[in-house]
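Participant: Spelled out from the first residue to the last, the chains are:
4 protein chains.
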Amino acid sequence: MSHIRGRFSKDADSRAASYTASIHYDRRLYAHDIAGSIVHARMLAHQGILTEQEAGTIIGALTEIREEIERGTFQFRPDLENIHMSIEARLIEKVGDTGGKLHTARSRNDQVALDMRLYTREATVEAIAAIRGLQRALVDLAEANIPVVIPGYTHLQRAQPVLLAHHLLAYFAMLERDAARFRDSRKRTDVLPLGSGAVAGVAYDIDRDFLAAELGFDRVSENSIDAVSDRDFLLEYLAAACVCMMHLSRLAEEVILWSSAEFDFIEIDDAYATGSSIMPQKKNPDVAELARGKTGRVYGSLVSLLTVMKGLPLAYDRDLQEDKESFFDAVDTLLATLEVFTGMVATLRVKPESARRAVSQGYLLATDLADYLVKKGEPFRGAHDAVARLARYATENGKTLEDLSLEEYRRFSPRFEEDVYRVTVESSLAARDHVGGTAPGRVRHALADARKTLEGKTE
Amino acid sequence: MSHIRGRFSKDADSRAASYTASIHYDRRLYAHDIAGSIVHARMLAHQGILTEQEAGTIIGALTEIREEIERGTFQFRPDLENIHMSIEARLIEKVGDTGGKLHTARSRNDQVALDMRLYTREATVEAIAAIRGLQRALVDLAEANIPVVIPGYTHLQRAQPVLLAHHLLAYFAMLERDAARFRDSRKRTDVLPLGSGAVAGVAYDIDRDFLAAELGFDRVSENSIDAVSDRDFLLEYLAAACVCMMHLSRLAEEVILWSSAEFDFIEIDDAYATGSSIMPQKKNPDVAELARGKTGRVYGSLVSLLTVMKGLPLAYDRDLQEDKESFFDAVDTLLATLEVFTGMVATLRVKPESARRAVSQGYLLATDLADYLVKKGEPFRGAHDAVARLARYATENGKTLEDLSLEEYRRFSPRFEEDVYRVTVESSLAARDHVGGTAPGRVRHALADARKTLEGKTE
Amino acid sequence: MSHIRGRFSKDADSRAASYTASIHYDRRLYAHDIAGSIVHARMLAHQGILTEQEAGTIIGALTEIREEIERGTFQFRPDLENIHMSIEARLIEKVGDTGGKLHTARSRNDQVALDMRLYTREATVEAIAAIRGLQRALVDLAEANIPVVIPGYTHLQRAQPVLLAHHLLAYFAMLERDAARFRDSRKRTDVLPLGSGAVAGVAYDIDRDFLAAELGFDRVSENSIDAVSDRDFLLEYLAAACVCMMHLSRLAEEVILWSSAEFDFIEIDDAYATGSSIMPQKKNPDVAELARGKTGRVYGSLVSLLTVMKGLPLAYDRDLQEDKESFFDAVDTLLATLEVFTGMVATLRVKPESARRAVSQGYLLATDLADYLVKKGEPFRGAHDAVARLARYATENGKTLEDLSLEEYRRFSPRFEEDVYRVTVESSLAARDHVGGTAPGRVRHALADARKTLEGKTE
Amino acid sequence: MSHIRGRFSKDADSRAASYTASIHYDRRLYAHDIAGSIVHARMLAHQGILTEQEAGTIIGALTEIREEIERGTFQFRPDLENIHMSIEARLIEKVGDTGGKLHTARSRNDQVALDMRLYTREATVEAIAAIRGLQRALVDLAEANIPVVIPGYTHLQRAQPVLLAHHLLAYFAMLERDAARFRDSRKRTDVLPLGSGAVAGVAYDIDRDFLAAELGFDRVSENSIDAVSDRDFLLEYLAAACVCMMHLSRLAEEVILWSSAEFDFIEIDDAYATGSSIMPQKKNPDVAELARGKTGRVYGSLVSLLTVMKGLPLAYDRDLQEDKESFFDAVDTLLATLEVFTGMVATLRVKPESARRAVSQGYLLATDLADYLVKKGEPFRGAHDAVARLARYATENGKTLEDLSLEEYRRFSPRFEEDVYRVTVESSLAARDHVGGTAPGRVRHALADARKTLEGKTE
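Protein chains in written order, with this note's numbering: chain A, -7 to 451; chain B, -7 to 451; chain C, -7 to 451; chain D, -7 to 451.
Keep in mind that a hint or two might mislead.
Because identical chains share one entry, a pair is satisfied inside a single copy or across any pair of copies.
As the list claims (entries may be wrong) - Within a straight-line C-alpha distance of at most 27 angstroms, the following computed DSSO-like cross-link-like pairs (lysine-lysine) qualify:
hint, residue 1, residue 2
1, LYS391, LYS444
2, LYS86, LYS391
3, LYS368, LYS343
4, LYS367, LYS179
5, LYS316, LYS391
6, LYS86, LYS368
7, LYS343, LYS391
8, LYS316, LYS275
9, LYS343, LYS86
10, LYS368, LYS391
11, LYS444, LYS368
12, LYS86, LYS367
13, LYS179, LYS316
14, LYS316, LYS343
15, LYS444, LYS86
16, LYS275, LYS367
17, LYS316, LYS368
18, LYS179, LYS444
19, LYS444, LYS316
20, LYS391, LYS179
21, LYS275, LYS179
22, LYS275, LYS391
23, LYS343, LYS179
24, LYS367, LYS343
25, LYS367, LYS444
26, LYS367, LYS391
Just so you know, the hints here were simulated from the structure itself, not pulled from any lab data.
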């Protein structure tokens, strides 16, 4: 007996049916499918294509079916391969031939396009809300740690002192772009495809504006052939999700680095870390590591759908059914990661002394010392060289910059004077006093702006 | 001797230098780099950090350097690894120590971010213009072939008759979304990073709004750490380019299919096809095939940069240098494909009779016949079954639908009457008379709208 | 209420647990996990680390647990996040503290590596068997249609006549390479990681050769750090699966093309096609389309895992947990696609007349006519030009090559003589009489070789 | 004027020509193309299709052409779009009509397939040699630092002590699999496609075994349709290159981490690091960062070609021309990265004291202490808990394990005795004394084996 796909194997003659079935994942669309069908029935009545009574019967039954599904009493028959057929069959079971009339002026192609757009619109709203949640946690953490200084890194080498709050606001800015991308993508998601029929439109006097208004769409699609074969809105969500996961993978990397024994800037709350099965001393940043890994998964979903779409002739091809599973997976992964990061960030414990120690040891004021010499009249190149030699001297003698005597300083440039000791971490921070700089006043201002953004934008 | 990389091999001790060099591809940024430097010099003078005379000297020399590069007289020294160093070295060669002052209040990290944003903004404008060009060619072709009917396909099976113009407008709609995506992405590209320094901001009294205004940026970046490590704008361009290439790959597929002997709906102009080296009768759709293939290349560029960015700690890491080559390649590929498609579409010759023949033979009126029966009172399911049996009968007897006698029709449903012969390709088209449908009046209206869009939007 | 992830949402404080859990997908590994544990217990007893009685107790209980899982009576507790913990907890429930001793000289890191290798080895064997199945169906179809001639295409333009059997054998050759790749990958899969502990090895006197022999591994891993962090064997399976799916996507494309009204070379059996919900005349090649689409899914899985692995420091990181879901999905997709294609190919109906018609109409003998002229003494370039003009003349006059009179032939070259009529489809096929050519004798020989390959290789 | 593609733009009517041209990248194949042509000419003479004199003339001219190209005197004409046409035109220029006869019994399709196989075979040999070079550098570094102990990490948390040599041998093992994959792929690369013609084979009495023998191929392709459309060998190289680059990205990550101020285990030689333009104290691991970034580039190449191939109908399609540029780029990137890493590893300076400090501070003996208690009779769970509490106590009191008094030990378990002080880093290493473990004797043995592998395998 094979253990590879044990549960999934089907007997030979049902293989094709099983291969083409989607009910195990598209049942997630039940509410969107029913909502679309109810509005379709209402429109058909409004246009006199169905009688009001027929529409009422259909809508009543669909409402019951939704309740059956949500209560868990709905019987999913294995021979009905997708959610649309499952609901339709139950509808006919309930109300007979009248149920069949729901299919008037509609095809599976525009129905499935509608369901996916309703779903994606909802997923977009939720993504933005989840992004807002994580932004809030970052701002909270930043505000609670205003005085904390950490090394700013380039090339993972300590470079210049920055406020932790400034560093955290970098992630706020990334997430702000993510939210904007999702918001923009919605313009192209929020378009009604219903009424496109199989490919050419439908031969009934339908009212697409009615449908759009009832379902809350911004506008109706302008070309039936495009409408049934367009999956751009999924690709655009996926691309935005990839970039957002990439941002989270960078945050994850820093959480992992910073909670290592070597960096030791933060401690992850027990709820977001795990111990080791054999190493009793360990506390592992599992949530951050998994999020970093799950980035690959969302990238994979984007590649998957881009590949599916490549070179497909118009209009609908069955390949398009492959738009769903990896999309659903990406939606779930993105939302879960944003939510779990919100909790992880909210409970991070910062270790200010440890961070401060790293700032002092790293010659992070070298840029400021070079600037000091430049302001005293030294050309940039000479100032840079003098400080580079000074830093090397200090390293070799195991001294920090503040340990050096004026006499030592002056060995490297006669322009060094007593006021060199006024070049401090605090002076370094304060000097970067422009929009985008790490000066404490600027950072407080940026935090206030961030707070305002969060309050104003409540999508 | 190895032929694998013959020209590229370097002697052992210069391998690392060659590995890290970017001058062979970033020289493309020369104009953006010089434009940024000129404005930076102007700002430094405006703020009193440089004297007006120093700034004037620098700007004059930079202007000369740009001319040297454009005239081809600039000497690219092999030991200067990137375009920034090449220009800087030449500047100092020309004006001495004053040239070194250009580096005040700037680092390589914000300089390179600036150059890439200037470049990408330009590439975005060009992408939109090229999209407009192809849209225009599609509308021209559609208008020139208003009466042409082709089979609308689903699953690559003939489904229902549609106007060729309607089909072409599906591509217009796809490209319209592409243009919108590029336009939206520009909001996040058009942000000034200069003034972020290496990571923390700069310790000078700079005026970033001055810089932004002079360089035509919408706004300044809000966080220095983010500004030097953000490459979202490249990813967003690449994602939009992938979707656009995907659309072109679908058009390519149809051009290839339609110019095959089997479909025979169009003939590609000789300028966009090639012959065979050994098969004298061949006319191959090479441009369309290459475009379909080049889709992979642009997908690859997106995957490449997403991979580069995954898990990078803040702020600048040298990995980010790998943002350029595949991005440049994607920009070139997208623009070239749009342009060559514009020419190919403009010169396509449509074969209306051949298309019409395919429409007649394919039982494409079956949906309309089922609708006919439904309107005569037959429930949908019964109507569908009757027509399915009818179509099978016709196939087996080698007849088209119009060949069938009324008696034959009535074998499958007594509701068929003499007026069944009024179900024609023309009636089928005319019946789909709603926004998005293929009714000729609707399509003419859609063409007029498309024309207006093209006139109004001249980015 | 949100419908997006309705069923999946967890209350706030269990979010991290739910995020890190893998039991919903790694339960598939139960049999491999238990097999590994049984052999580990046996080894511990063999080395005197456990008593024989302890080992016996453990092995008995594990055997029962396997039966419980297979009978469906095993209770998966929601608080036990993975299959290893689920089984271990049940073991301790059954046999008390003795159960805990199974963890001696083993860590989760080498345990999970072992399970995945056992699983992958099995998946590799099944992939090869499924490939063999499809190859068999292709050979059967080829043998049943030995005389059938179709156009060989380049650029989707008819090029030269080939035997259908020759064309089908191209897929046989592709699949043969696929099988070889899976076979080669097994060399790197079939390596025992157990005994690597968490990272450094284990501090017990273990016998890894005993473990390897009992579990049927070719050899033991040579470095503990590598063994717990190596996922190459998954990547290698995925790369082989991508190429195999790519081959199947090409076959799918041809099945779709060939069953279109335009090509009409084959008819897909009803069991592998579907009808349309609104177009009664349609027969859609759904299985082929879905397979073409699912190619994207397997590509996505490879990209996903490549991304996960990029830049991970040694040794085990939790990111590696993300190796499973998309791998399992790729295994299922590949096997299901191979199996359903086997059925689809086995039931394809070939339409020889229709194919033959395409061969006659397509000027496919042009190459042979040029060769004819070359053999009569015409230089290649001149022969090529003459035949190109001839083909154009025939097209414009709506004639096939065999319709042309000798007089007409001679208008394009005086070297044409009466024997030009001996240039036929049959002569064209027969002339390509070398290994790899489409001459009927060669193809029969290739079929016999293929049959031998299938008989000899019964992995 | 546009700066986007300044150098590349062509005037309108030559756009298609420029779009389809490949000469700017396929000229790299000149030597392979000429070698193939020479052997083809020799075969044609051997079979009597050309006279010996004709063949001699052709071969002489081709040899001259190769010299012209290598001396740089060859004029590449812009109107000849690829390397094959460039060489062929020059051949005819040199020897007149006789040159045209080289095209007998050959098409562009099998010619280009041949060239790519010759190139890939060479690239495969070079990849294996470059892998061997890096393995050698790793073994040298390991041997030179036999006594150095570092923390073994899991989850980037210090876990257990390991020998640096053991850690380096993990990379040796990864690279060993890489070499094996390249070696295996060669079996499917080393196949002669020549003689397949355009698609059906050739209508001449050719000797393919002669061609294969002369060009050093293992065997001839078995199906002409497959042979002209098969690019598996490129995909297989690319997949192997992706995994190899992934390995290098992990090594890069560790080089970056280890040379950070926080880890400080190594110092990169100046030749493989750079300074900062504004931060005088910096020493950046640029080569390692770039290599990590270039991983994305090679992943992108694989995705690119997989996408190109998806869904292509047989046999040759022009899309296949897109197999080259990104493949060449991947070959160059892989070889350059391996070579530059060889130099970087060879010149790394290890800091043993700093590594040892990390080992002492990290409670890395906790596993051994738990094992100690287990061996004294404590059940595993209890031992694990006791040591976890002990580690927490030590952390909170700022003590290392060796600082603790026996009395303190016994607070956590009465089984601790005086011999607990014999649990040391050295005892921990020594205890892992099995194949794959970090015991010094085992590691020395593994090094000796590695050395033997390097000597024996000199592909």
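Participant: Hint by hint, note whether the structure agrees.
Facilitator: Here is how each hint holds up against the structure:
In the homo-oligomer, the alpha carbons of LYS391 and LYS444 never lie at most 27 angstroms apart, since the shortest distance is 44 angstroms inside one protomer and 46 angstroms across protomers. When the C-alpha separation of LYS86 and LYS391 is checked against a cutoff of 27 angstroms, the pair qualifies neither within a copy, at 85 angstroms, nor between copies, at 41 angstroms. Taking the closest pair of Cα atoms, LYS368 and LYS343 never come within 27 angstroms of each other, the shortest separation being 37 angstroms inside a single copy and 38 angstroms across copies. Taking identical chains as interchangeable, the C-alpha atoms of LYS367 and LYS179 are never at most 27 angstroms apart, the minima being 52 angstroms within one chain and 38 angstroms between chains.
In this assembly of identical chains, LYS316 and LYS391 lie within 27 angstroms of each other by CA distance neither inside one copy nor across copies; the values are 60 angstroms within and 40 angstroms between. Taking identical chains as interchangeable, the C-alpha atoms of LYS86 and LYS368 lie at most 27 angstroms apart only when they sit on different chains, with a minimum of 25 angstroms there against 89 angstroms within one chain. In this assembly of identical chains, the alpha carbons of LYS343 and LYS391 lie at most 27 angstroms apart whether taken from the same copy (24 angstroms) or from different copies (18 angstroms). For a Cα distance limit of 27 angstroms, the shortest separation of LYS316 from LYS275 across copies, 24 angstroms, qualifies, whereas the shortest one inside one copy, 37 angstroms, does not.
Taking CA atoms no more than 27 angstroms apart as the test, LYS343 paired with LYS86 passes in neither setting, with 64 angstroms inside one copy and 45 angstroms between copies. Taking the closest pair of Cα atoms, LYS368 and LYS391 come within 27 angstroms of each other only inside a single copy of the chain (25 angstroms); across copies the shortest separation is 48 angstroms, beyond that limit. Proximity of LYS444 and LYS368 under a CA criterion of 27 angstroms is satisfied in neither setting, with 42 angstroms inside one chain copy and 62 angstroms between copies. Taking the shortest Cα distances, LYS86 and LYS367 sit within 27 angstroms of each other only across copies (24 angstroms), while inside one copy they are farther apart (86 angstroms).
For the homomeric pair LYS179 and LYS316, the shortest alpha-carbon distance inside one copy (20 angstroms) is at most 27 angstroms, but the shortest distance between copies (30 angstroms) is not. For the identical chains of this complex, LYS316 and LYS343 are neighbours neither inside a copy (44 angstroms) nor across copies (36 angstroms), given an alpha-carbon limit of 27 angstroms. In this assembly of identical chains, the alpha carbons of LYS444 and LYS86 never lie at most 27 angstroms apart, being 53 angstroms within a copy and 50 angstroms across copies at closest. In this assembly of identical chains, LYS275 and LYS367 lie within 27 angstroms of each other by CA distance solely across copies; the values are 25 angstroms between and 48 angstroms within a copy.
For the homomeric pair LYS316 and LYS368, neither the shortest alpha-carbon distance inside one copy (65 angstroms) nor that between copies (38 angstroms) is at most 27 angstroms. Proximity of LYS179 and LYS444 under a CA criterion of 27 angstroms is satisfied in both settings, with 25 angstroms inside one chain copy and 20 angstroms between copies. For a Cα distance limit of 27 angstroms, the shortest separation of LYS444 from LYS316 qualifies neither inside one copy, at 37 angstroms, nor across copies, at 36 angstroms. Within a single copy, LYS391 and LYS179 get their C-alpha atoms no closer than 59 angstroms, and across copies no closer than 48 angstroms, so neither meets the 27 angstroms cut-off.
Neither within a single protomer nor between protomers do LYS275 and LYS179 lie at most 27 angstroms apart by alpha-carbon distance, with minima of 45 angstroms and 36 angstroms respectively. Taking the shortest alpha-carbon separations for LYS275 and LYS391, only the inter-copy value of 18 angstroms comes in at or below 27 angstroms, while the best intra-copy value is 33 angstroms. Taking the shortest Cα distances, LYS343 and LYS179 never come within 27 angstroms of each other, neither inside one copy (44 angstroms) nor across copies (38 angstroms). Taking CA atoms no more than 27 angstroms apart as the test, LYS367 paired with LYS343 passes in neither setting, with 35 angstroms inside one copy and 38 angstroms between copies.
In this homomeric assembly, LYS367 and LYS444 never come within 27 angstroms of each other (Cα to Cα): the closest approach is 38 angstroms inside a single copy and 59 angstroms across copies. When the C-alpha separation of LYS367 and LYS391 is checked against a cutoff of 27 angstroms, the pair qualifies only within one copy, where the shortest distance is 25 angstroms, while the shortest distance between copies is 47 angstroms.
Comparing the model with each earlier hint shows violations of hints 1, 2, 3, 4, 5, 9, 11, 14, 15, 17, 19, 20, 21, 23, 24, 25; every other hint is respected.
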